[in-house]
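Student: Since chain A is already given, all that's left is putting chain B on it; use the hints.
Going line by line, the protein sequences match chains A and B.
In terms of the numbering used here, the first sequence opens at residue 18 and continues consecutively.
In terms of the numbering used here, the second sequence opens at residue 262 and continues consecutively.
Do not take every clue at face value.
[Said to hold, decoys possible] Cβ-to-Cβ under 7 Å is the rule here; a few derived chain B residues that face chain A:
no., residue
1, D299
2, G303
3, L304
4, Y309
5, M311
6, E314
7, S358
8, P361
Think of the hints as simulated: they come from the structure by calculation, not from any bench.
For glycine and all other residues, C-beta sits at the position ideal for the given N, C-alpha and C.
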Amino acid sequence: QKEVEQNSGPLSVPEGAIASLNCTYSDRGSQSFFWYRQYSGKSPELIMSIYSNGDKEDGRFTAQLNKASQYVSLLIRDSQPSDSATYLCAVFSDRGSTLGRLYFGRGTQLTVWP
Amino acid sequence: EAQVTQNPRYLITVTGKKLTVTCSQNMNHEYMSWYRQDPGLGLRQIYYSMNVEVTDKGDVPEGYKVSRKEKRNFPLILESPSPNQTSLYFCASSQGSNQPQHFGDGTRLSIL
Numbered sequence: 018q019k020e021v022e023q024n025s026g027p028l029s030v031p032e033g034a035i036a037s038l039n040c041t042y043s044d045r046g047s048q049s050f051f052w053y054r055q056y057s058g059k060s061p062e063l064i065m066s067i068y069s070n071g072d073k074e075d076g077r078f079t080a081q082l083n084k085a086s087q088y089v090s091l092l093i094r095d096s097q098p099s100d101s102a103t104y105l106c107a108v109f110s111d112r113g114s115t116l117g118r119l120y121f122g123r124g125t126q127l128t129v130w131p
Numbered sequence: 262e263a264q265v266t267q268n269p270r271y272l273i274t275v276t277g278k279k280l281t282v283t284c285s286q287n288m289n290h291e292y293m294s295w296y297r298q299d300p301g302l303g304l305r306q307i308y309y310s311m312n313v314e315v316t317d318k319g320d321v322p323e324g325y326k327v328s329r330k331e332k333r334n335f336p337l338i339l340e341s342p343s344p345n346q347t348s349l350y351f352c353a354s355s356q357g358s359n360q361p362q363h364f365g366d367g368t369r370l371s372i373l
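Looking at chain B on its own, in the form it has when it is part of the complex:
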């Protein structure tokens, strides 16, 4: 089954404790992206990647890091999480940047 898998689905943690949200897709897609979604602000892109080792910033990259060492994986790293990063996060992938994106189920992060 074609899918984008995010882990964890839910996480409650404390300020400053490094965390990683994993994202993996099994569709051999080149393009992957991370979004955060907050009430009233819609989906905002954090980072995106066209292929291995090729990434670029989206609208709200501050406080986040990404890496694309393998085509299927695109982890999101919060080196020192803060409460303003409490949000619902989505990973997405597509065959190309101008193609429809397939979304993971989301990760709800709460940072206390």
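Chain A with its partners taken away, still in its complex shape:
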């Protein structure tokens, strides 16, 4: 079982719509969760971090965490063509690791069409 799984996509939404990206994780003890955006050929950049259950909003982005369901999501409101990128979910786990480490999902490719 993979540590972090994302809906594989690709996801395509019209400009102005809400894009919903989903991620599940296997370690129930995980405490830190991150969403990264990666444009083609570029490095991942952090969009959101979330550590407690509930919603966290930052501009057009909302991260939602449900630890009981081991589920974290990212909502992008009023999607813009510039949001077209691959979105990576990352979860911190110290299960089976002396140091603890981040596990990344394979990413969901989002296309926002005008």
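Tutor: Positioned in the frame of chain A, the structure of chain B alone reads:
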């Protein structure tokens, strides 16, 4: 400016010729990590380090070595590169292992 710097950005080399990709961060971060990214496989961790002289294997450590002699530097060494190590490599750092990671710009390696 806070940054993670990787060098080189691009490299084409031949099988068996030892190479080193350098990574340096100026944020006094304790945690550093190397990833490779291949189409359809996402980011896979190679090695990571919590502090000087403390390193551990990630998902795909075979064929790679690392060292952490100084806090700011975390070089990735390919002792005998092979074509299956052709990939896009990223170095990242963070204040702690459970904190957001800052990524370098990436190094694209082609091994012929």
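Student: Now look at each hint and say whether the structure bears it out.
Tutor: Going down the list of hints, with the structure as the test:
no., hint, in the structure
1, D299, "10 Å, violated"
2, G303, "4 Å, holds"
3, L304, "4 Å, holds"
4, Y309, "6 Å, holds"
5, M311, "5 Å, holds"
6, E314, "13 Å, violated"
7, S358, "4 Å, holds"
8, P361, "5 Å, holds"
Hint compliance for this structure: hints 1 and 6 are broken, all remaining hints hold.
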